[in-house]
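A.B. asks: One letter stands for each residue in the lines below.
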Amino acid sequence: MKPYQVLSFIAITMAVLGALYWAFPEGKLLKTEHLADSEPVIDIDTLAEFPVFAEAEDTIVPETPKPVIPKVVVDSTTDSRIFLQSFYASLAESSERKIRVIHYGDSQIEEDRMTQQIRETLQARYGGKGVGLMPLAQTIPTLTVKQELRMNGRYTMPANGPRRYIVYSFKRDQRADGLYGPMGQVAVMNDSLVSGSEDVTAICKPIVKTALYERWQVFADSSVHYTFAGDTVQLSGKGSVYGLSQESKTGIIVDNVPMRGCLGIVFTKIDSEQLRTFYEKENVRLIIMQFGGNAIPSNQNPGTISAIVKGLREQVQYLRACAPEASILFIGPSDMLTQTDGEWQTYPMVPYMDKLLRKMALEENIAYFSLFRWMGGAGSMMRWQEVGLAGSDGVHFHRSGARKAGNAVVNWILNGPMDQ
Amino acid sequence: MVNDQMVNFLHHIFAFDAAHPLLFTQFYFWAFFALVYALFALIMDRVPDSLGNKKLHLRNVYLMFVSWFFYYKTSGLFLLILLFVTLSDWLIARQIHKSIIDNRESKIATAWLCLSVAIDLGFLAYFKYAYFFTDAFNDLFGTSYTIVDKIILPVGISFYIFQVISYTADVYRGRIQPVKNILDFGFYVSFFSQLVAGPIVRAEEFIPQLYKPFRLSRRAFGIAVFWIINGLAKKIIMSDFLAVNLIDRVFDNPLLFSGFENLFALFAYSLQVYADFSGYTDIAIGVAMLMGFYLPMNFNSPYKSQNPQEFWRRWHMSLGRWLKTYLYIPLGGNRSIGFGTYFWVTVIALVSASLTGWWLGIMIPYAVLIVSMVLVPRLLKDTNHLKLFYSNLNSFITQVLGGLWHGASWNFIIWGGINGIGMIVEKIWRPMNWHVRFVLTTLLTFGLCAADYTTNLPVWRLFAVWMAIIWVGTSIRYIYFLCEGAENKFTKAMSTAWAILQTFVFITFTRLFFRSSSNLDPATANEVAWATAKNMVNQIGGAWSNAIIPDFLWSYRWVVAMFVAGMVIHWLPTNWKRRYRLWFSAMPIWAIVIAVCIAIAVIYQFVTADVQPFIYFQF
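Protein chains in written order, with my numbering: chain A, 115 to 534; chain B, 2 to 620.
These aren't lab readings, by the way, just hints derived from the structure by calculation.
It cannot be assumed that every hint is accurate.
In the DMTMM-like style, the derived pairs of lysine to aspartate or glutamate whose C-alpha atoms are separated by at most 20 Å in a straight line are [unchecked claim]:
(1) LYS424/A x GLU477/A
(2) LYS213/B x ASP50/B
(3) LYS116/A x ASP50/B
(4) LYS260/A x GLU528/B
Looking at chain B on its own, in the form it has when it is part of the complex (with noise of 0.2 Å):
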């Protein structure tokens, strides 16, 4: 009996139970990260330093063992995939470093990188995109293959197979010397404080880490332990209390609830997306830093941003500058364009109109497309227009590949191709001058609200109504403008704060699109996408009551206030923020350890909070 209860037990510790992964905000995860970092302390402070490498080497291969430990609770055998592509990037690396060493042969160190690339892309495709390219290919040759019934996307693919790619690039750029030693390069690519959701660390930023001694001053412990808090709150009070008391529900049925609720679940899921996301990733910063390691910033308030081009330098950071560095810049950046741009051209091309069945549709556009991407190097002699031509495109293109990595279905394309967009508008508008902007919202605007009156449709109701929004904001500031006011402090503020507005607005109806079942078959995903987009927009954009909106708020006030406060904070000037994380790292020990218990004690009371019931507004 007493040797059943242990085995069990031990099976609980050890084995893979897909039901309860190893999560950051489980208490089974700080227990095992004790424990973790019991060893780890006695590894740092017995070993003498004497050791050199060796004791370093001792962390790493420790540490490898661990996050292989932890990749395997939360992924079970799929810790073979992490194995294979560690130890083919290594051994590929090194023969990329070879080649150009020894030989000077660039083409076969180029050949090697292809080889790489297309291991590490061939198991995220079949992962994540087998149902996706098994569509396309059925619609665009009418055929009918099938694939097994259900691929389980492994934890972290789209993470670690990015690291991997950077490591093998960055040797063939020359950028970093090749790991000698495996297990080093193993710990690097499985680290488990990043492993699972990001950030994704680049090998130039993190490999020679690898080789320095453990360093962690009392600010950055008070500030790594800050990160964790805030983390945490992040992901429980702000996202999950958010998500279950009102936006999945929502989410999961629009109609249910009326325009205004829509609307409000709307602008609450984007705050969600960061709360959820940014969280997760402050955690895996602050855990990294308690062991010395120090991963790059993922998310600098997002919503601060003033136009879409700054959004995305702002979010997901690691992911941009990966998309930057290795998908951007080899395209062409705007330098020129490629075979690299011609090509994924043709693939978004061919994909889109397969999966709409637009092919007239979308292969003009293409054509045209093509036709000026032959012509307009060659006619365009503005040295500063045609980068902005190459850079619009590649960078529209990566949007879109970036959208694809998010998931493998159209929503995910569409929700690219619309921030690609929403890039490329927001940059011919920004050096437009106020006689243009003006006369250009204005014609906007008519044309939207003509539309609407013409159609009575939901979706140009939304559209006209923002344009008038725009409208206004332009035309004050061309009527300021007109009469010649000169900048100042206020001006300028309002400026800045309808700048954030409207980028806020755009980024959070691009969410429309973002949110998708989990489910892998890129049809049912496309289906519950469209139907959710198209319910909320028919919604906000129609079933709008300003009657329900005073109950709507006092019934869900703890939600609403929930999502003012976090707004709020997010939106707080930076200094502020910078000031109490040191306020809060410059406390004594003793007051740390109070302020965190607190803290937990608090979110707890979210963790366990009541759900709030349904009410219904609309009938």
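The shape of chain A in the complex, shown without the other chains (with noise of 0.2 Å):
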């Protein structure tokens, strides 16, 4: 053929592919709902600090009061952390006494990131030691604690020791009674047991200094013995484990709870007189939850979004039932990506989640730190994901990431108006 022919050939397909998109200048035969207008995109870098910003919504004005708190009036431009205010008294008291922080999240969370910054910050200026909570059998490694598990003196795999029950999980792996404990899971010991039993150790080696402890807990039924030697618990006998924790006497204790795939409307599900025990005994003064994110990938609907909220309304409003003495956080969704037409961009409902949840979180008198206008809003995840500190998911940070948010969050808290 000669390059003329060649050439016609290139200009008839590209002229026909022409009009073939001028025809669907969608691109796509099959129609797609389109994302929201990006926002404006602040600078990362120099927002060290969460600033307070002003929603041009119309002034919040809170429904009934609730029984425990009475509820503050506020308006557009309330700095939220006005609300961690029963946190920041307590901090006063944590050189003769434990306070406890529990953090609550999803995915965003495990392996202890965010939270283990919180923890470092936190007792850096306010003493305490150790990890806190841990299950026993830990699924997902941690990067603060090696986590083993022997079942009669054998390496088991999480996976494979003692019967787990999770309030996020499937139905098969929940249980009717509600008693999951504080961290929404539950591991049975001897949980079928005909004859025999199987005796549990577990091996827990802080891997970095901070996550040096004072002293072990362990949160289980009186049936199941245990007893201490350095880093290893060994358990028996037959009952529910909700927990081990490193932890020291006195001074701050961040325990870092994931909930994979969860969308924190799990909370009612466990038992309150058991949650409401633990918050009193292990004096929490600070509940974190970090929820959201998934309810964004599979809802394109305002309507979904608002129910989902509503849900996460409720559990907030259980928590401080539970927990009345401690203050609540929420964190928001960070951004998240998701492709259309070919583009990354950011999910629809992600502003809008944000937007109703700070709504929520203000209309109920709890703090609200908004992931995602903190990352620069829509469409940083991308400029995350350019300099590391974000995976190609689109949706969860890389390390450096979750440290750098876990080290924004601690310093709002921080920065809050204590003296108030």
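Join the two chains, each given in its own frame, into one complex according to the hints.
C.D. replies: Next up, the structure:
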């Protein structure tokens, strides 16, 4: 063939494709929804602290006052950290007693990500040692403690360890009595015991200096017997183990409680008496809830997002009723990406959910940290990916990103209006 | 205002933008190619043939400048490196040729060759291995030297550096005459079609084409178009779709997924790597063909290989041939071992020991190896065994260095090493008789099962399960052998399928170490690669759950379907593929136009497809 014939072929093909493009300007033969316009992007490096941003919404007036803490009237410029007063007040006692912070969240905080920075900063300032709560069978290794499980002396993969019931898992892994404990998961020793029994050994070695601890605590049924030797806990008997804890007698203990794939609407399934007892006895003064991300990919409808936020509001109310002394901080979802027309961009519902969550938080008189806005708004995840702070899935932070986010959260907490 | 827009437009067209390199998968490239081809056609059709070589020279110069622009758009001022090595190798090759012809003085020619290789590898070493060697040096001598914060790797440097080395070496060996005109040589080095991702075209394959007139038969045209569409489909449908919807997220965070999901993602990754790389080179081959240049085949259905050695003859063939010609054979091949072999064994041992810290664990086998390298040639009388010894040793070194070529981190050395070991084991295994094979697999299976039972560690479980599968296969074949069953079509097909499957599984598991962060700092790359490999092994060997398999297969049905389709197409008989390629190329032009448009419309649907949301099956 002659080159001009090849050229004609190229030209004709491009012309036909051009015509096709003209006929289907969207590029797609099947129509899909369009994403929301991007919001202005803020430089993440300039945001060491979280700004108090003004909502363009109407002034939010709280609904019926809740029984425990009188509602505070807020407006669009309210710095939601005023709702951390109870936690701030408790810090004065940190040298005399233990103050517990419990960080619930979705897969964004797995491996002790983000929590680690919150813990390290708080412990550096107010004392305290140890990583706090850990499940007996740790299926997700953390960055701070190397955990190993042995059944009758044999190394056992955690998934093959004692029967686990998990409030945020499938129905088959749930229990009817709601006795999941403060971590939302429980390992039951000798669950289907017919004859004989299995002894369980958990070896939990701190792998970072800041995870060194003073003492052990085991949260378990009284029918479970346990002994400690160094980093090892030996357990026997039949019953539920709700968590092991490496901690200190005084100072701050920060628990990392990741709930994979969870929307956050699970706390009401956990027995309230059990939660209340734990929160009170352990002096839990700050509950951090970091949810919302799992609602995003499969929900493109504002109505569904509103319903989910309503569900989360109920969880906030439930936890507050269980822990009346504790402040609550809600951390919204990060920026999250999806691919539309071959381009990565923010899921359309992220800004909407962020806005609704902040509104809900202010109405419920709890603090709210917008991870989404702190990152820089819509599209910021792409820049996080470019600089290696986030994974290629456009959803999860890398460890470096989690460090940055964790530090931002704890600095924001500590720079709040403590004296008010 | 209009002026500003025009300036912006021109800036966008002509200036380097790191965020928008010229890639085969983007419209901008094809617009660029259409324009380039328009002028190319003008030169080829309008410049009279009577001008002979001048016409070809004009074509070559034109394509060289176009390639430089292409490279500038892709890599910015790194173009200067390309120009520098072009000039230096052209000059040095002339000196080599002159030394050989005029003086018959090979030492001077050798010195020139060494200088050329040193310059070329010096660039490669700086851009690709500076972090790696600094780390290794610091580990070795307890120093703490640092280099600049971040070295950006010039696109395609590994490819064109190997090309210029092949040119100088071929001139040195008298296989080709040096290119008289530097502009022609510049075109060979920088031809945009294969500049970024190969194939690595050896001088003796390409230089003669510089002086041949344009020739493109009707069938070759059809085949070129087929390669381009085939490559785009591989790259976008197979590679990118699988990566975005499953593989990336699993490799990013294996602990979020069950053992089965990890295993599936690992196999899918095997397909993805192939589809990505071979897709890109298919396009390169097609584009070059349209301009009348014929590049060597780079992938020949590698997952049809029946053993690791064959795999390396089918996978990235241009690199394999390059390594064989310019590394394996100079090391001695299967004929001897010399200074090169000792040198590289020592370097590999030192680097391995310093990076792992296992000085004793590596230096003892190293010492044993050195002693055997000295003694074996003296003690072994059987030439065949001696050949096997030389060949294994030199091919192992070639594999490890081939691994290092892929990336400057420890995990690539492990990957190369495992491949080298796999090749050696298979070579030793192949001639064994059935009794020995059966006894060995039985012992190994029992040993691994015992290790699994004793330790209960996922890694042993993984080995034990795999070995048990091999044992079952070996036992069936052993029983058949004992029953004196005759080899027939069926048994031959089964035996081939078994070998292909085992090779595919082996190669797939080596990929645990293949995927690494693009970060050039080996410390980070190693940490990420190790954590990924360890977590994936733990999940596959320990967090397996049969109950979730149906849920996973259903929820990820498009991903699964794409993987299955990809493997089925890959495993189609070669003559089928040849037949449908020829059938495509024989279609009338108008039908090819329609087929191309339909194919691109379908491919575009995958570009724009919604991303599979996260679904968790394990908590």
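A.B. asks: Against this structure, judge whether each hint is valid.
C.D. replies: So, going through the hints one by one against the coordinates:
1. Under the criterion of a C-alpha separation no larger than 20 Å, the hint pairing LYS424/A with GLU477/A is consistent with the structure, at around 12 Å.
2. Using a Cα cut-off of 20 Å, the hinted pair LYS213/B and ASP50/B holds, with the two alpha carbons roughly 12 Å apart.
3. With a CA separation close to 13 Å, the supplied pair LYS116/A and ASP50/B stays within the 20 Å bound.
4. At most 20 Å may separate the alpha-carbon atoms for a hinted pair to count; LYS260/A and GLU528/B meet this at roughly 16 Å.
Violated hints are absent here; each numbered hint is respected by the structure.
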